[in-house]
Amino acid sequence: MILSAEKKNNQFTVALAGNPNVGKSTIFNALTGLHQHTGNWPGKTVDNAQGIYEHQKKSFLIVDLPGTYSLLAHTVEEQIARDYLCFANPDVTVVVLDATCLERNLNLALQVFEITSKVIVCLNLMDEATKKDLVIDVPSLERELGVPVVATAARQGKGLFELRKKIFQVASGSLQPSPRQIKYSSDVENALKELLPLVENIANNTLSPRWIALRLLDGDQSFLRSLSNYLDIDQASFQFQDWEESKCAQ
Amino acid sequence: MRDAERINSLSDLSLGSDCQIVSLELSGLLRRRILDLGIVPGTLIRCIRRGPSGDPTAYMVRGTLIALRSEDAAQIFVRKLSNGEECV
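Chains as they are written, first to last, in my numbering: chain A, 10 to 259; chain B, 453 to 540.
None of these hints come from the bench; they were simulated from the model.
These numbers were taken from a predicted model, which means no experiment stands behind them.
Each residue gets a CB set at the ideal place from its N, CA and C atoms; glycine is no exception.
Treat each hint with caution, since some may be false.
[As the list claims (entries may be wrong)] To give an idea of the interface, some chain B residues facing chain A are shown, with a C-beta separation under 10 Å as derived from the structure:
| hint | residue |
| --- | --- |
| 1 | S479 |
| 2 | L481 |
| 3 | R484 |
| 4 | R485 |
| 5 | L487 |
| 6 | D488 |
| 7 | L489 |
| 8 | G490 |
| 9 | R502 |
| 10 | V513 |
| 11 | A519 |
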């Protein structure tokens, strides 16, 4: 399926993630010049649309993921988005946020931050926010989140050059975001400390060990299944189950 | 004041009144979804309108209107806010 997206040499892959109905497909179209169907209802993009654009003589393969509120529940859309972000290892992930309801949208951004550090936040629907008299302090947001924040109004084509520029910088490594990580309660953090060394072996430098450990603590079966499918590590996951059971037995 | 500290369930809230989430006694996927929509302990929430048969009810949460079934809302516990306290 989507993970087998042919990625040519010298091509960067860019994933577009975000809540439903924040304008991901509009941004996708604006970047690629394609006419992927957009519509003002949630769940419109159930699978992934892909397109290509060029910037600075580099080719970018951009993948429009289904809109989700989270990567932790188990609807089809959420699994598609999560599996792509975790296992397809995109060069850049752009989290598109609705500037008019930033608070609710940041939940997903923080989850993505746990998966990858190559993140850009795209603050879309700035035109709507202005209409609602909302003023967003972008530099402060950037500082708080630790990642580049680009304000856009994709329908008007505003901010897209800046977005392309930032995508290029993060993809090429000239800009290295350090996304803010959530610190959990000491119980969880202690359990993580115990799990991390076990997880690092299978994380294989592509997946964040902390994210894997958190999902293991969650008992997220759906993620475990995806993990063994994509990384072919049945053995390892069985060992984890033993570990978990022995922990529970204690 | 003492009255305002009473804990109710979200489904008992009357139209137009404000409250603050205290705890969610939901589990599994529904709990996850509710949390992801920004309904977490401490969140301010206002009851906006009710469906024709009294169910579901629409609530304003962080600038978004969200409808919940009353059987689910009954598992969410809230503290009613008295007049003059911060509103949604």
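Status of each hint after checking the structure:
no.: 1; hint: S479; verdict: violated, 12 Å
no.: 2; hint: L481; verdict: holds, 5 Å
no.: 3; hint: R484; verdict: holds, 5 Å
no.: 4; hint: R485; verdict: holds, 6 Å
no.: 5; hint: L487; verdict: holds, 8 Å
no.: 6; hint: D488; verdict: holds, 4 Å
no.: 7; hint: L489; verdict: holds, 6 Å
no.: 8; hint: G490; verdict: holds, 4 Å
no.: 9; hint: R502; verdict: violated, 23 Å
no.: 10; hint: V513; verdict: holds, 8 Å
no.: 11; hint: A519; verdict: violated, 14 Å
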